[in-house]
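Chemist: Here is what each chain is made of, one letter per residue.
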Amino acid sequence: MSFWNTFTAELRKAGTLPASWVAVAVTLFGSAGVTVLNAVAARTALDSGAQESQGFFSAFETAYAAVPLGTVGAVVLGVVVMSSEYAANSTDAGGGRQVTATLAASPRRAVLLAAKALTVVLFVGLTAAATIPACIGVARLVIGSGPPETVGLDDALVRSVGATLYWALTGLIALAITTLARSGIIPLVVLIANSSVVSFSLLLTHVTPLAHWLPDLAGRRLFVGLPTVDGGLDAGPGALVMGAWTFALLAVAGIVFSRRDA
Amino acid sequence: MTGKRLAHIAVAELGKLRTLPVAVMTTVGTAVIGALVAAALTAQLVDHGLPASAAAVTAQAVPFLQIGLILLGVLPMSHEHDGGQLRTTLTAVPRRGLLLAGKSIATLLCLALAASAAVGGVVAATALTGRLLDAPPAEDVAGQPVVGAAGYLVVVGLLAHAVALLVRSLIPALVGTLSLVLIVSPLLAGLTRHARWLPDRAARELYDPTDAVLTAATGTLVMLAWIALVGGIAAVLFVRRDP
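Protein chains in written order, with this note's numbering: chain A, 8 to 269; chain B, 109 to 351.
Since the hints were derived computationally from the structure, they do not count as laboratory data. Small disclaimer: the values here were computed from a predicted structure and weren't measured. No residue lacks a Cβ here, since even glycine has one placed at the ideal position from N, Cα and C. Check the hints yourself; a few may be wrong.
Said to hold, decoys possible - Beyond 12 angstroms from chain B on every Cβ pair, some chain A residues (computed):
| id | residue |
| --- | --- |
| 1 | Ala-16 |
| 2 | Val-106 |
| 3 | Asn-201 |
Claimed, not checked - To give an idea of the interface, some chain A residues facing chain B are shown, with a C-beta separation under 7 angstroms as derived from the structure:
| id | residue |
| --- | --- |
| 4 | Ala-95 |
| 5 | Gly-102 |
| 6 | Gly-191 |
| 7 | Ser-203 |
To be verified - Which bits of chain A does chain B cover? Going by a derived footprint, with three or more residues having C-beta under 8 angstroms, they are:
| id | segment |
| --- | --- |
| 8 | 41-52 |
| 9 | 119-133 |
| 10 | 206-216 |
Chain A on its own, in the form it takes in the complex (with noise of 0.2 angstroms):
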């Protein structure tokens, strides 16, 4: 098959696949609720008399904050689009693996991956374009148009990109740690694990500081302007260590999938 079947034949497995669309809800509605709590506490100090500080009461911002979130969801999307190759048939139809036949269909397994690569892109992609303007917008549904939005349009641009290459580049380094191990259960919990405040990245910083180039550390200032732990690289400079183990990863993940038995 070309490049372009097989890529449409992933994104049609991918969109069929129950759990896809799970990660997504649970972005969009998981996002939209932190959002209005946060939106709700801000709306609550507005009415009581509080002055602006700090952008506090900036639509934009309370959304922002609420994005971090999102990045389970693109952690179980990089993993179910693997991982449910590799989950065994009921033993009544035979107890087999749907790899065998994908890599039957498609036996160049480096294209093959390529497409899953790009599909969990474009899942992702698409859930950051629905989840962020939609969080903004409940922001600014509960907050009101009294006080003037304190970011602007390019800066919230760039924030917002920032946060999308983020959930891109984890939902590639779960998808290729699910092609290694075969399994979802690793990826889903180190990964949901070094996303949340128990981070045995984080951990390690207080051990070495070489930690601050593991790559949820390193690309963790794509967030621009959300507080973190000091010390690590910028934005910039992570995110470039984060996209060189993003693509190592995937490189050596292509490998081993090429070489051993599915």
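Since the structure of chain A is provided, determine the placement of chain B on it from the hints.
Modeler: This is chain B only, laid out in the frame that chain A set:
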């Protein structure tokens, strides 16, 4: 008679768990990673010139340990739904309520074993690291927070078991419980005081009693009520629906 059958079922379920490689790896892995996390935390405390007591390090290590216990709690039920094993199980033990009781007992035993191993690993690693780094000896020898931490890990694992029974599949149960404990609960705790009624927040009183309303006993009761609620609904569905 029923008691004897229940014991047989529990032993059979324990055998299944013992021969499930991922369950054994999770138990061992949690203890090993817990020890490494404890060593890192101890080194950090010693660096800042603070006494590294077993209680303090355990309290900080529990958020990491609970990940392993959640995975272990999810496994016994979700692996039955992997392929058609549940049908074989139900053929051998048609009384579903009894099967569920036996499975829950086996899960509880596994969780208790894993939690003890994990907390034991943390305490040992703390003592060893402290000795190696010539840390000032910690004065407190109170065992309560350490035992409480093991209890917390067991109830969190039971909650994961109940969730897995409800959703019948590994990935949703794992993602759901992990997200609740690692992301939703800290997030809501920052926004509202009512977050103390969340299961993991309430049970946290067992090893880190800081809440103004709940105590270790009432916090555990709140957690058990959550487990009973989720597990009760799941058990009714399990008994009534097609496998």
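Chemist: Each hint needs a verdict: does it hold in this structure or not?
Modeler: Tested hints:
1. Ala-16: Its Cβ never comes within 12 angstroms of chain B, the nearest being 22 angstroms, so this holds.
2. Val-106: Given a closest Cβ separation of 16 angstroms, the condition holds.
3. Asn-201: Incorrect as stated: the minimum Cβ-Cβ distance to chain B is 10 angstroms, not above 12 angstroms.
4. Ala-95: holds (5 angstroms)
5. Gly-102: With a closest approach of 6 angstroms, the A:Gly-102 hint holds.
6. Gly-191: holds (6 angstroms)
7. Ser-203: It holds, given that the least Cβ distance between A:Ser-203 and chain B is near 4 angstroms, below 7 angstroms.
8. 41-52: Coverage by chain B holds here, the residue count being 4 at a Cβ distance below 8 angstroms.
9. 119-133: Since 0 is below three, the answer is violated.
10. 206-216: holds (count 5)
Hint check: violations occur at hints 3, 9; the rest are consistent with the structure.
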